[in-house]
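*Asks:* Chain by chain, the residues:
Number of protein chains: 2
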Amino acid sequence: MKFYDCSMAPSPRRVRIFLAEKGVKIDTVQVDLMSGENLKPEFLKINPRGIVPVLQLDDGTCIDEAVPICRYIEELHPDPPLMGTDARSRAVIAMRTRHMEWDGFLSAAEAFRNSTPAFADRGIPGQVGVKAIPALAERGRAGLARFFDNLEKTLAQSQFIAGDRYTIADITGLCVVDFAGWMKIQPTDSHPNVQRWYRSVSSRPSAAA
Amino acid sequence: MKFYDCSMAPSPRRVRIFLAEKGVKIDTVQVDLMSGENLKPEFLKINPRGIVPVLQLDDGTCIDEAVPICRYIEELHPDPPLMGTDARSRAVIAMRTRHMEWDGFLSAAEAFRNSTPAFADRGIPGQVGVKAIPALAERGRAGLARFFDNLEKTLAQSQFIAGDRYTIADITGLCVVDFAGWMKIQPTDSHPNVQRWYRSVSSRPSAAA
Numbered sequence: 000m001k002f003y004d005c006s007m008a009p010s011p012r013r014v015r016i017f018l019a020e021k022g023v024k025i026d027t028v029q030v031d032l033m034s035g036e037n038l039k040p041e042f043l044k045i046n047p048r049g050i051v052p053v054l055q056l057d058d059g060t061c062i063d064e065a066v067p068i069c070r071y072i073e074e075l076h077p078d079p080p081l082m083g084t085d086a087r088s089r090a091v092i093a094m095r096t097r098h099m100e101w102d103g104f105l106s107a108a109e110a111f112r113n114s115t116p117a118f119a120d121r122g123i124p125g126q127v128g129v130k131a132i133p134a135l136a137e138r139g140r141a142g143l144a145r146f147f148d149n150l151e152k153t154l155a156q157s158q159f160i161a162g163d164r165y166t167i168a169d170i171t172g173l174c175v176v177d178f179a180g181w182m183k184i185q186p187t188d189s190h191p192n193v194q195r196w197y198r199s200v201s202s203r204p205s206a207a208a
Numbered sequence: 000m001k002f003y004d005c006s007m008a009p010s011p012r013r014v015r016i017f018l019a020e021k022g023v024k025i026d027t028v029q030v031d032l033m034s035g036e037n038l039k040p041e042f043l044k045i046n047p048r049g050i051v052p053v054l055q056l057d058d059g060t061c062i063d064e065a066v067p068i069c070r071y072i073e074e075l076h077p078d079p080p081l082m083g084t085d086a087r088s089r090a091v092i093a094m095r096t097r098h099m100e101w102d103g104f105l106s107a108a109e110a111f112r113n114s115t116p117a118f119a120d121r122g123i124p125g126q127v128g129v130k131a132i133p134a135l136a137e138r139g140r141a142g143l144a145r146f147f148d149n150l151e152k153t154l155a156q157s158q159f160i161a162g163d164r165y166t167i168a169d170i171t172g173l174c175v176v177d178f179a180g181w182m183k184i185q186p187t188d189s190h191p192n193v194q195r196w197y198r199s200v201s202s203r204p205s206a207a208a
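If you're matching them up, the sequences are chains A and B in order. FYI, the numbering for the first sequence is 0 to 208, going by numbering that gives the first Met the number 0. FYI, the numbering for the second sequence is 0 to 208, going by numbering that gives the first Met the number 0.
There are no misleading hints in this set.
Same chains, same names: a pair is fine if it fits in one copy or spans any two.
Lysine-lysine pairs mimicking DSS-like chemistry, simulated, CA-CA at most 30 angstroms apart:
| # | residue 1 | residue 2 |
| --- | --- | --- |
| 1 | K1 | K24 |
| 2 | K130 | K183 |
| 3 | K1 | K21 |
| 4 | K1 | K39 |
| 5 | K152 | K1 |
| 6 | K44 | K24 |
| 7 | K152 | K183 |
| 8 | K39 | K152 |
| 9 | K130 | K44 |
| 10 | K130 | K152 |
| 11 | K39 | K130 |
| 12 | K44 | K152 |
| 13 | K152 | K21 |
Hints listed in this document are in silico derivations from the structure and should not be mistaken for laboratory results. Note that the structure is a prediction, hence the values are computed from the model and not measured.
Isolated chain A, as found in the complex (with noise of 0.2 angstroms):
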């Protein structure tokens, strides 16, 4: 296997710490966003939509997405369980990762994209000539405001965002609170717990990844 990565990038995080968590080690190939390496012709053969993270099987399929990717690894090696242990379990940690990723993800994506210069042309992940809008920035940051009130309503009721255990929503929920992080947003004095979960996971050895 091959896993396409690109290190200062929030989205192909989730892949670096899970495979961390999972203590699997495979061979990565840096695809440069800044530049735009993930819009020229060799990347796009690997992924047509032009982003990473991409984990190519020895088939030679390409698995593009976070999540996909994480379920096939895990499929491969299940210990320790990330995504869940029954139907119930698997069902509720899935649910609050597309909390994270819808209400936290998308909002800091639209915050950055349409406030950053070198993304001018860039509002969209994979695409070029997609300009800026730059009150979707406003939107996203207003969103993002939501979701750490709602991510601290969550966290004041377990000491994970699905349940006892760590999971891959933790792994998505911490990589959107650094991705806002760029931005200055930050967990405040009114989100204790956020910030309770936020020192745990962060300290973990993966979250270096």
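Starting from the known structure of chain A, fit chain B onto it as the hints suggest.
*Replies:* Coordinates of chain B only, in the frame set by chain A:
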């Protein structure tokens, strides 16, 4: 179990079609999104995110988001398999489903919500006070055009979206195409394989769900 649905909405339709393909019936509660019933306290107790679909399990756990709900149903009722039968097919189907969501569904939702007067103050699902952004409606329409072009490439290579079997990726794709139709954005003569596939999937009895 109890299923919270809205019969006119594209997202819960994914679950309805999935259930119809499985031949599974679940007690269903209609939630009227147009009048904002999803934003009232009674429903927010079921799902604080204010969106449908939601599956309430017998222990009271509420699962929102279509794919986690479908995954739960798939585990309870494995036949016919709609989410894969081994690690590779599960990863490919999950990936293709996400392509339908991020490239298709998100574009259609952007185009619809940011151009429809009734949603002028509801630019994202489950919230009030998020103003429509007209430029985002345009971005969504352009995204749908790219979505159809990419779907044509996928369907030129396989009978269904994730290979030679009907799966949840086709269900999601069908719901995107019909959602795009609300905005009069449809496959054209340059999308013969999309048209071939659409005739096939929309003629299945489940498509009436």
